[in-house]
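Chemist: Taken in sequence, the protein lines are chains F and B.
Heads up: the first sequence begins at 1 in my numbering, then just goes up one per residue.
Heads up: the second sequence begins at 1 in my numbering, then just goes up one per residue.
Please keep in mind that the hints were generated in silico from the structure rather than gathered at the bench.
Result set (DSSO-like, lysine-lysine): computed pairs, CA atoms no more than 27 Å apart in a straight line:
hint: 1; chain 1: B; residue 1: LYS249; chain 2: F; residue 2: LYS371
hint: 2; chain 1: B; residue 1: LYS274; chain 2: F; residue 2: LYS294
hint: 3; chain 1: B; residue 1: LYS263; chain 2: F; residue 2: LYS311
hint: 4; chain 1: B; residue 1: LYS58; chain 2: F; residue 2: LYS233
hint: 5; chain 1: B; residue 1: LYS263; chain 2: F; residue 2: LYS335
hint: 6; chain 1: F; residue 1: LYS371; chain 2: B; residue 2: LYS257
hint: 7; chain 1: B; residue 1: LYS30; chain 2: F; residue 2: LYS201
hint: 8; chain 1: F; residue 1: LYS294; chain 2: F; residue 2: LYS311
hint: 9; chain 1: F; residue 1: LYS294; chain 2: B; residue 2: LYS257
hint: 10; chain 1: B; residue 1: LYS277; chain 2: F; residue 2: LYS294
hint: 11; chain 1: F; residue 1: LYS201; chain 2: B; residue 2: LYS93
hint: 12; chain 1: F; residue 1: LYS201; chain 2: B; residue 2: LYS27
hint: 13; chain 1: B; residue 1: LYS275; chain 2: F; residue 2: LYS294
hint: 14; chain 1: B; residue 1: LYS196; chain 2: B; residue 2: LYS30
hint: 15; chain 1: F; residue 1: LYS134; chain 2: F; residue 2: LYS76
hint: 16; chain 1: B; residue 1: LYS27; chain 2: F; residue 2: LYS233
hint: 17; chain 1: B; residue 1: LYS93; chain 2: F; residue 2: LYS440
hint: 18; chain 1: F; residue 1: LYS294; chain 2: B; residue 2: LYS279
hint: 19; chain 1: B; residue 1: LYS123; chain 2: B; residue 2: LYS196
hint: 20; chain 1: B; residue 1: LYS249; chain 2: B; residue 2: LYS30
hint: 21; chain 1: F; residue 1: LYS251; chain 2: B; residue 2: LYS93
hint: 22; chain 1: B; residue 1: LYS58; chain 2: F; residue 2: LYS251
hint: 23; chain 1: B; residue 1: LYS236; chain 2: F; residue 2: LYS440
hint: 24; chain 1: F; residue 1: LYS70; chain 2: F; residue 2: LYS15
hint: 25; chain 1: B; residue 1: LYS263; chain 2: F; residue 2: LYS294
hint: 26; chain 1: B; residue 1: LYS236; chain 2: F; residue 2: LYS371
hint: 27; chain 1: F; residue 1: LYS201; chain 2: F; residue 2: LYS104
hint: 28; chain 1: B; residue 1: LYS257; chain 2: F; residue 2: LYS311
Residues from chain B that keep clear of chain F, each with C-beta distances beyond 10 Å, as calculated:
hint: 29; residue: GLN80
hint: 30; residue: LYS138
hint: 31; residue: ASP145
hint: 32; residue: GLN178
hint: 33; residue: GLU200
Since the model is a prediction, treat every value here as computed from it, not as a measurement.
C-beta atoms are modelled at their ideal positions from N, C-alpha and C, and glycine is treated no differently.
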Amino acid sequence: MTDKERQELLQQLLKKQKTGKLKPAERYEIPPQDMPEQDPIERRANVNEVATGYTETHARLEAMRCLQCKKAPCIKGCPVQIRIQDFIAAISDGDFKKALVIIKENSLLPAVCGRVCPQEVQCQQTCTVGLKFKDPTKAVSIGRLERFVADLDQDNESVPAVADETGVKVAVIGSGPGGIVAAADTRRAGHDVTIFEAFHKTGGVLVYGIPEFRLPKAIVQREIDTLTKMGVKIVCNFVVGRTRTIEQLMKEDGFDAVYIGVGAGLPRFMGIEGESLVGVYSANEYLTRANLMKAYDFGSGADTPIARSRKVAVIGGGNVAMDSARTAVRLGAEKVYLVYRRTEKEMPARIEEVHHAKEEGIEFHILQSPKRVIGDENSHVTAIECLKYRLGEPDESGRRRPLPIEGSEFQIEVDTVIIAIGNSANPLIRQTTPGLEFNKWGNIVVDENCKTSLEGVYAGGDIVLGAATVILAMGQGRIAAAAINDYLAKKKQKS
Amino acid sequence: MSHRIVSKRQLSEDVFTAEVEAPLVAKERKPGQFVIISINNEYSERIPLTIAGADPEKGTICLIWQRVGKTTAEMADLQQGGEIANVTGPLGKPTHIENFGTVVCVGGGIGNAPLLPIAKALKEAGNTIISILGARNKELLILEDEFAKISDELIITTDDGSYGRKALVTEPLKEVCQRDRKPDLVVAIGPAIMMKFCCEVTRQFGIPTQVSLNTIMVDATGMCGGCRIEYDGQPKFVCVDGPEFDGHKVDFDLMMKRLNAYKDQEQQAYEQYKKHKCKIGLDE
Numbered sequence: 001m002t003d004k005e006r007q008e009l010l011q012q013l014l015k016k017q018k019t020g021k022l023k024p025a026e027r028y029e030i031p032p033q034d035m036p037e038q039d040p041i042e043r044r045a046n047v048n049e050v051a052t053g054y055t056e057t058h059a060r061l062e063a064m065r066c067l068q069c070k071k072a073p074c075i076k077g078c079p080v081q082i083r084i085q086d087f088i089a090a091i092s093d094g095d096f097k098k099a100l101v102i103i104k105e106n107s108l109l110p111a112v113c114g115r116v117c118p119q120e121v122q123c124q125q126t127c128t129v130g131l132k133f134k135d136p137t138k139a140v141s142i143g144r145l146e147r148f149v150a151d152l153d154q155d156n157e158s159v160p161a162v163a164d165e166t167g168v169k170v171a172v173i174g175s176g177p178g179g180i181v182a183a184a185d186t187r188r189a190g191h192d193v194t195i196f197e198a199f200h201k202t203g204g205v206l207v208y209g210i211p212e213f214r215l216p217k218a219i220v221q222r223e224i225d226t227l228t229k230m231g232v233k234i235v236c237n238f239v240v241g242r243t244r245t246i247e248q249l250m251k252e253d254g255f256d257a258v259y260i261g262v263g264a265g266l267p268r269f270m271g272i273e274g275e276s277l278v279g280v281y282s283a284n285e286y287l288t289r290a291n292l293m294k295a296y297d298f299g300s301g302a303d304t305p306i307a308r309s310r311k312v313a314v315i316g317g318g319n320v321a322m323d324s325a326r327t328a329v330r331l332g333a334e335k336v337y338l339v340y341r342r343t344e345k346e347m348p349a350r351i352e353e354v355h356h357a358k359e360e361g362i363e364f365h366i367l368q369s370p371k372r373v374i375g376d377e378n379s380h381v382t383a384i385e386c387l388k389y390r391l392g393e394p395d396e397s398g399r400r401r402p403l404p405i406e407g408s409e410f411q412i413e414v415d416t417v418i419i420a421i422g423n424s425a426n427p428l429i430r431q432t433t434p435g436l437e438f439n440k441w442g443n444i445v446v447d448e449n450c451k452t453s454l455e456g457v458y459a460g461g462d463i464v465l466g467a468a469t470v471i472l473a474m475g476q477g478r479i480a481a482a483a484i485n486d487y488l489a490k491k492k493q494k495s
Numbered sequence: 001m002s003h004r005i006v007s008k009r010q011l012s013e014d015v016f017t018a019e020v021e022a023p024l025v026a027k028e029r030k031p032g033q034f035v036i037i038s039i040n041n042e043y044s045e046r047i048p049l050t051i052a053g054a055d056p057e058k059g060t061i062c063l064i065w066q067r068v069g070k071t072t073a074e075m076a077d078l079q080q081g082g083e084i085a086n087v088t089g090p091l092g093k094p095t096h097i098e099n100f101g102t103v104v105c106v107g108g109g110i111g112n113a114p115l116l117p118i119a120k121a122l123k124e125a126g127n128t129i130i131s132i133l134g135a136r137n138k139e140l141l142i143l144e145d146e147f148a149k150i151s152d153e154l155i156i157t158t159d160d161g162s163y164g165r166k167a168l169v170t171e172p173l174k175e176v177c178q179r180d181r182k183p184d185l186v187v188a189i190g191p192a193i194m195m196k197f198c199c200e201v202t203r204q205f206g207i208p209t210q211v212s213l214n215t216i217m218v219d220a221t222g223m224c225g226g227c228r229i230e231y232d233g234q235p236k237f238v239c240v241d242g243p244e245f246d247g248h249k250v251d252f253d254l255m256m257k258r259l260n261a262y263k264d265q266e267q268q269a270y271e272q273y274k275k276h277k278c279k280i281g282l283d284e
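Throw the hints in and build the complete structure from the sequences for me.
Modeler: Now the structure itself:
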């Protein structure tokens, strides 16, 4: 569809909408609006955002595809229950401000979530339009619409209202998505909130993990700036458990409540031979070097080096694997292989990310998994030896279990291996916080209000859920903040 | 918050020391721990440096570093009153201090810096301290006086014989291990190759040997795994499982290769920095 055709269609539909209601059949006929994107060849050589965003015309056409179902099944799919059909109606009416106000009732970071939420397994999975076409990719693009209105608001300087100062101190550990929400919500209640961040920059996984080409850092910084304007204090280079313990924060430094949102943060390795050879990275390390430390600018400003790879194997099938593979392409690798032991169907990565990765020339090696990493006399990686796999019966995750095929060994020549098979819980808080209850995987145990076994201590995100998503971490940040506000109000009444 | 350099001194041709404002670290740090620093916020790399001492009253820590690449050269060019953007810590597990009996503290080159607070703490815990300090030549030997104060016996070696014994540290270490009263513990900190050979000596005598490793790190909180070593056949993270390990279980050969992973790029960055500095010099 050309821009002109799109314009004309929109004008026709607007006329119809004015005179009466658009019938569902007419709405079904509106073609799904694709996201404008950078050309795949071009973007292999830059770190700019791949998806460039809807225009107003795209957005209004896409919004008109929404049937405005009475039951709004999309809302049930949203972890923070945004009033989806209402904000979409506002977009179709051209009232973008109203749309944003509706979103912001429930989500603090629409520009982030519009980009990184796995909508296809949340709101868009249950969308009636998608179901009608029996194709989830034809559902209304709720995420793209959310991003569209959030981006229009880029210059808005408005800051959420903050209640009168209570003088009560709240510590938020970690400045990732959960921490940002918990800090904003407790600050809104008038508490004296401090975020402690271990890195020298704020944003957590949004800045060290998710690449610039998928989530520009400026967008995250804007959200952090909003917090600062609200009066939230931010202390970087502060490792809770080392610089100060939670006990010290509460007993000596006068914090009345703590939210722990430190993320998962301990990369899993495979336990195979050769995993410590030079050229083998955890995805965390590879992405942190590339994103947070800007290794893509090495030699023209940045001091942090990263492997100058020719052939890269990324192990795993999640979003982090896609991010790593696509980062390797941008850092100049000639060949990037994605090695995954199940099939594309079982990949936990978003469809869109898989699609983008393929467009950028990443070769998928499915039903394969490395058995060992092979190195030369200098311990530099030269190849991986893989086994072929087949799928057996479904396992407890519901996905079909991959079974190795005996004797199917073969080698892939590579100089870099990136392991992206997930994270375990970082033990630092556990080792330094007596009385805090953990489960057998090292995740913090919380109740439905995100309250831990210690009074005044709440937790959420990956350190509670294991590997989760940005939006789930935000959801827990919000639940915890409400519980903290409640706890602090009750505590005040008692005293 | 930036960290001001309160004072700075050159200890030898390439070794520098500075007292840096870091009140929280100064208050909490224990022997054996380290910090991660980066000079500016946008583009600087993060490097681990051991804490050689601290003054909790003044809120300062003492850093000692050797000029080996761009970041350490840039640090060396900072002057009193200058600032380091980020100092994070204290990181790593503190040294386990108790009265073991007789402890041999072996320091090589810049390794004397992290060794000093450990030796001090061990002395205070009642141990007899035999210090063996090695350097390439007299000029590169650091902290001799400080070690003299806390050591019951002090042996100095230089590679070229310009001071003390002309030997590698492993020679006197072996002799000490051969004495009737065998040492109860050896703590060896220095270049990887030195620690490796110290461990080979002590292994023959069955003397427990502790080493402190300084691998390449990024976050230093357990998140990236870049610092991992092979320990007893298992991967361990130096930043959170260490930095101190039983030296007899460390695969030093692999560790040395990993330390060299970015040699070319480090060289490139250093050359660029030196060139840039020369140009600035010409403009003046």
